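Participant: Given chain F, put chain X in place with the hints provided.
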Amino acid sequence: MAAPKKSAAKESGQEKAGSPPDLSQEQELKALRDMLLIRRFEEKAGQLYGMGAIGGFCHLYIGQEAVVVGMQMALKLGDQVITGYRDHGHMLACGMEAKGVMAELTGRRGGYSKGKGGSMHMFSLEKHFYGGHGIVGAQVSLGTGLGFANRYRGNDSVSVTYFGDGAANQGQVYESFNMAELWKLPVIYVIENNRYAMGTSVSRASAQQDFSKRGASFNIPGKQVDGMDVRAVKAAADEAVAWCRGGNGPIILEMQTYRYRGHSMSDPAKYRTREEVEKVRHDQDPIEQVRNRLLEAKVSEQDLKAIDAEVREIVNAAADFAQHDPEPDPSELYTDVYR
Amino acid sequence: MPIQVLMPALSPTMEKGNLAKWLKKEGETIKSGDVIAEIETDKATMEVEATDEGTLGKILIPEGTADVAVNTPIATILADGESAADLAKAPAAPPPKAEAAPAEAKTEAKAEAPAPKPAAAPAAPAAVAAADPEVPEGTEMVTQTIREALRDAMAEEMRRDGDVFIMGEEVAEYQGAYKVTQGLLQEFGARRVIDTPITEHGFAGVGIGAAMAGLKPIVEFMTWNFAMQAMDQIINSAGKTLYMSGGQMGCSIVFRGPNGAAARVAAQHSQDYAAWYSQIPGLKVIAPYSAADYKGLLKAAIRDPNPVIFLENEVLYGHTGEVPKLADFIVPIGKAKIARPGKDVTLVSWAMGMSYALKAAEELAKEGIEAEVVDLRTIRPMDTETVVNSVKKTGRAVTVEEGWQQSGVGAEVAARIMEHAFDYLDAPVARVSGKDVPMPYAHNLEKLALPSVAEVVAAAKAVSYR
Numbered sequence: 001m002a003a004p005k006k007s008a009a010k011e012s013g014q015e016k017a018g019s020p021p022d023l024s025q026e027q028e029l030k031a032l033r034d035m036l037l038i039r040r041f042e043e044k045a046g047q048l049y050g051m052g053a054i055g056g057f058c059h060l061y062i063g064q065e066a067v068v069v070g071m072q073m074a075l076k077l078g079d080q081v082i083t084g085y086r087d088h089g090h091m092l093a094c095g096m097e098a099k100g101v102m103a104e105l106t107g108r109r110g111g112y113s114k115g116k117g118g119s120m121h122m123f124s125l126e127k128h129f130y131g132g133h134g135i136v137g138a139q140v141s142l143g144t145g146l147g148f149a150n151r152y153r154g155n156d157s158v159s160v161t162y163f164g165d166g167a168a169n170q171g172q173v174y175e176s177f178n179m180a181e182l183w184k185l186p187v188i189y190v191i192e193n194n195r196y197a198m199g200t201s202v203s204r205a206s207a208q209q210d211f212s213k214r215g216a217s218f219n220i221p222g223k224q225v226d227g228m229d230v231r232a233v234k235a236a237a238d239e240a241v242a243w244c245r246g247g248n249g250p251i252i253l254e255m256q257t258y259r260y261r262g263h264s265m266s267d268p269a270k271y272r273t274r275e276e277v278e279k280v281r282h283d284q285d286p287i288e289q290v291r292n293r294l295l296e297a298k299v300s301e302q303d304l305k306a307i308d309a310e311v312r313e314i315v316n317a318a319a320d321f322a323q324h325d326p327e328p329d330p331s332e333l334y335t336d337v338y339r
Numbered sequence: 001m002p003i004q005v006l007m008p009a010l011s012p013t014m015e016k017g018n019l020a021k022w023l024k025k026e027g028e029t030i031k032s033g034d035v036i037a038e039i040e041t042d043k044a045t046m047e048v049e050a051t052d053e054g055t056l057g058k059i060l061i062p063e064g065t066a067d068v069a070v071n072t073p074i075a076t077i078l079a080d081g082e083s084a085a086d087l088a089k090a091p092a093a094p095p096p097k098a099e100a101a102p103a104e105a106k107t108e109a110k111a112e113a114p115a116p117k118p119a120a121a122p123a124a125p126a127a128v129a130a131a132d133p134e135v136p137e138g139t140e141m142v143t144q145t146i147r148e149a150l151r152d153a154m155a156e157e158m159r160r161d162g163d164v165f166i167m168g169e170e171v172a173e174y175q176g177a178y179k180v181t182q183g184l185l186q187e188f189g190a191r192r193v194i195d196t197p198i199t200e201h202g203f204a205g206v207g208i209g210a211a212m213a214g215l216k217p218i219v220e221f222m223t224w225n226f227a228m229q230a231m232d233q234i235i236n237s238a239g240k241t242l243y244m245s246g247g248q249m250g251c252s253i254v255f256r257g258p259n260g261a262a263a264r265v266a267a268q269h270s271q272d273y274a275a276w277y278s279q280i281p282g283l284k285v286i287a288p289y290s291a292a293d294y295k296g297l298l299k300a301a302i303r304d305p306n307p308v309i310f311l312e313n314e315v316l317y318g319h320t321g322e323v324p325k326l327a328d329f330i331v332p333i334g335k336a337k338i339a340r341p342g343k344d345v346t347l348v349s350w351a352m353g354m355s356y357a358l359k360a361a362e363e364l365a366k367e368g369i370e371a372e373v374v375d376l377r378t379i380r381p382m383d384t385e386t387v388v389n390s391v392k393k394t395g396r397a398v399t400v401e402e403g404w405q406q407s408g409v410g411a412e413v414a415a416r417i418m419e420h421a422f423d424y425l426d427a428p429v430a431r432v433s434g435k436d437v438p439m440p441y442a443h444n445l446e447k448l449a450l451p452s453v454a455e456v457v458a459a460a461k462a463v464s465y466r
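Protein chains in written order, with UniProt numbering: chain F, 1 to 339; chain X, 1 to 466.
One chain only, chain X, in its complex shape:
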């Protein structure tokens, strides 16, 4: 049966075009790939190539015709052995080729029938976090620095799984720019503790490629500020591949390093990326505060089959805390904790913000205000339930973060409180955050740019109308 050539679309948005010129005449032989006509739209002129072989049987739309609708038959091609007499066999226009049916049906529906209502998106599944493990009564607690807790977490996971390795700048011979990887080279050797060149974009991609091949890399960024060079790989390659592959190809990888402001290192080295990464479905984002959470969450992150952003804090590396001495201490990802119970106002914070929140809670207690401090620990998936339950109890909330306010994590927390606990609120949610400026270098200005305990106290009082 003769083959119909249809008016092609040059782009998904094109609905009609002009048939500018025929480059083949009726009766001429056509090979696949031959240019047979030129069509034009307001944007471009384009050649129509034949995809079938044979003879140009009949031109159905003469050259110079304007506004030819996409998918209109414009010519017929006769296959080997067919003659003009066979043209009659071609279905009359507009004669959908059997295989063209769905697309054409769609076009017709658009033209004639009222557009169908778009199907409503199904509800997003709620994140369910596992409960914190019980730390059995009488468990010995070890006092260690956060730096040591991180090192132990990595070492334990590397002992447990030969596919886990660490790569980054100065992680091996130098023992870590901030000494977080101290001793790992000595225990695990250069095959698994790998110094990279200063090449964040490249080694992030190499790590992700290795993860796609089934390894479980820990990629250390000397600081998260430098990871902006690697942003495309982290988001587009690590974060999206599982979805784009229909679940076939995941990426079990941890990106970790110090995040946020250190001290006196100014604008380019003092930025909080929690909000940036937390926007991306496909990534998990962890920002712990206590030594135990650092350890238990890093171990969970390394075991997680998804890409995890693990935000540490340089100022906290030397802080000490109690870590349970257990063979396998894991803190579940996606679960906030009540760091200090209270009934009058909820302070929601995470990472370094917790230091302001906890101190502020002490100050407030002196004035008879019992603040409940919620440590989010994980930013994505966010444990909305713990926050909302606390706010339902207190009726007031303040978020505390070192990052900027606009589109920040505090803004997200406030929105969720509004969505889920509006009727319980006795005051608008207040946000204490880093000031809306690049980080200044001068000591006094830097101090002003960061949140302070006094600001948290003031905000808590303000929402309490005290």
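Bound conformation, chain F alone:
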């Protein structure tokens, strides 16, 4: 499975001494805006959780924004996205509305699941977002099934199936890999390696720490990607999408990324040092990288601030809606159990 290695993106990357191909300024601005939206949304969600407005589990995506934003830039209408429980970023990247997502977090009737799903269980058929799944690794088989449906129907849609370094150790992941390659299903397995499965570091949980090789025994090609650099993610995503649309079967992208916050809101994150977090944030922050490139390219501070302001307005409006929208009507208790 040499194809991805021979790809144009990789070659052009090598020509430029390891840095991935540039994005257009328009793409950079869009990436900045989309990543900022996720970051500000998640910060606000953390704040609302702290105020008791959001209950249960709340897993924030802060630090990992470049992964979903870069992937989404390579997709077209009809491609499906599915992920685990750290899902707010994926939904926003898919174009789901911030207020519907936030209202689901607060358990209100205007939420994407009418308040019945919560942080970990949200869906949008319209945006081809298939959840939002709370059981670690379950989405991998389901995402493989989405790819199966594409192949059954003979369309050229691709299933983008996200999971983490922790889920990568679940058995059904390998059952799915086997079937996906056997039946040449169009599935991009995006392994978001943020280095910790809750409190367990990759080195303490994984015999093979190079997740791009996790499909090797099924002949599924894989690639490690700098998941903090949206350009690198976009380039790898383009390649992977072309591979899948070309009928070559599944492909694995290991996104090397990092979450700044705890596993969930109630995780004090004592398994790593503050210095480690600070270093990633200082050296590799996905948003700062784009912002610095834009400033270098002479985009004005003022223009960037305008993006900031726009994003804050969306997030504030979402938070406001999410706290004032009524809870579901009691009659909703028994709806949607069966069709």
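Be a bit skeptical, because a hint or two may be false.
[As the list claims (entries may be wrong)] Derived DEER-like restraints, expressed as beta-carbon distance ranges: (1) K25/X / E313/F: 29 to 35 Å; (2) R160/X / E276/F: 56 to 62 Å; (3) S19/F / E187/X: 54 to 60 Å; (4) A79/X / S19/F: 35 to 41 Å; (5) Q27/F / G214/X: 31 to 37 Å; (6) P305/X / T200/F: 39 to 45 Å; (7) K76/F / R159/X: 30 to 36 Å; (8) E40/X / N316/F: 29 to 35 Å; (9) R191/X / Q302/F: 54 to 60 Å; (10) R272/F / S32/X: 19 to 25 Å; (11) E40/X / A297/F: 41 to 47 Å.
These are calculated hints, taken from the structure and not from any lab test. Owing to the predicted nature of the structure, the values given are computational and were not obtained by experimental measurement. Where is the CB? At the ideal position from N, CA and C, for every residue including glycine.
Facilitator: Frame of chain F; chain X shown alone:
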């Protein structure tokens, strides 16, 4: 206006905590994401990150303060261009930020007002089952095995709807481990009749994913014993997604295969899962007995927009029965039937249990006891009405199942009879079931572990005080 930083909750159960340490001083610049303080509870120490940018204006709660209530303002942050003079503009504590209102209001209500009574849950909607279709007078009846009836049901539905396909172990080239899918590969091809690897957890998930994308898979488990590997996908993904998505995303899928005891295959291969799956709202569970019901219910299951658990029985595959020769014979899900009318005692059963119940009814008839045999056919949604109406007539009931007694389907039937027909009962409901042991291998022990006609007869007599 200056922004207030509130004492955060680390979990939904936290009400107060200690402010251990300030990591920023008044006047220091703060960026979103900066750690500004540490708070601790009895369970954890946690960093408080700023979500707003500006300058730390005033620390309202000094470090070392214990038992700070959640949502108490602990500091103010000045935005760009604001100065200490603006601090006065910040509302006095406890000054709910407008957007914090609902949560704070809730907290206050908890502290000061008596807790409001929890709203009563609305009544659950009653399941309404459609009536059995009339089989028109003079309809030709075809005698066929249950195996053939199942095959015909699938083939008819696959002809009717291109989104229906079947996947499972040995369903295609081998023609089915129990030959239920005989001929399907030849008619429909490998695109729609799909051999899977031995990978129940994985292919159940793949089937469910395909169903979420709008296809209508039939997933065959070689036996239901192996589906325990797939339990999480069946329950958590297939059974709950419609609800969790607020009705957006359903899952039209049938899981089918032989359930319960076969013969001499011992503990791991002889288990009845009717009770297990019937506990799950979001799933439908069907366990037919007659050949006609097998066919009509499988067709209904394939058309149903919900996930359906279809429990077959290996011993019954070779049994023959009369199936109406109709272009489209559908038996409604959720409707029990009176398999044998009677007036003295009600025998409630389903699936393989029906063979004991019907034989017992014959034995009882010889002794002048007319047993009415109710075949549930569907376990969820359960047709309580048919059972209760029968019990109101007879005043006595015995449940018959191969599964275990504890938390079993018979226990559920007994509870419903108690709830709806207590005043009509002339005796406590009796349960005949599989014995409370793993299935033994030895021929004699296996026989003892399963219910018997004699046990049903004895139970019916006991509740009849005869």
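Participant: Please go over all the hints and tell whether each is borne out by the structure.
Facilitator: Here is what the structure says about each hint:
One distance hint, 29 to 35 Å for the beta-carbon pair K25/X and E313/F, holds here, with the actual separation near 31 Å. In this structure the supplied range 56 to 62 Å holds for R160/X paired with E276/F, their Cβ-Cβ distance being about 59 Å. Roughly 56 Å separates the CB atoms of S19/F and E187/X, a value that falls within the hinted 54 to 60 Å. With their beta carbons about 36 Å apart, A79/X and S19/F fall inside the hinted range of 35 to 41 Å.
Between Q27/F and G214/X the beta carbons are some 32 Å apart, a value that agrees with the proposed interval 31 to 37 Å. Taking 39 to 45 Å as the suggested C-beta distance range, the pair P305/X and T200/F conforms, at roughly 40 Å. With their beta carbons about 34 Å apart, K76/F and R159/X fall inside the hinted range of 30 to 36 Å. Separation of E40/X from N316/F is about 30 Å and conforms to the stated range, judged on CB atoms against 29 to 35 Å.
In this structure, R191/X and Q302/F meet the distance hint of 54 to 60 Å, their C-beta atoms being roughly 57 Å apart. Taking 19 to 25 Å as the suggested C-beta distance range, the pair R272/F and S32/X conforms, at roughly 21 Å. Between E40/X and A297/F the Cβ separation comes to about 45 Å, which falls inside the hinted range of 41 to 47 Å.
Hint violations for this structure: none, all hints satisfied.
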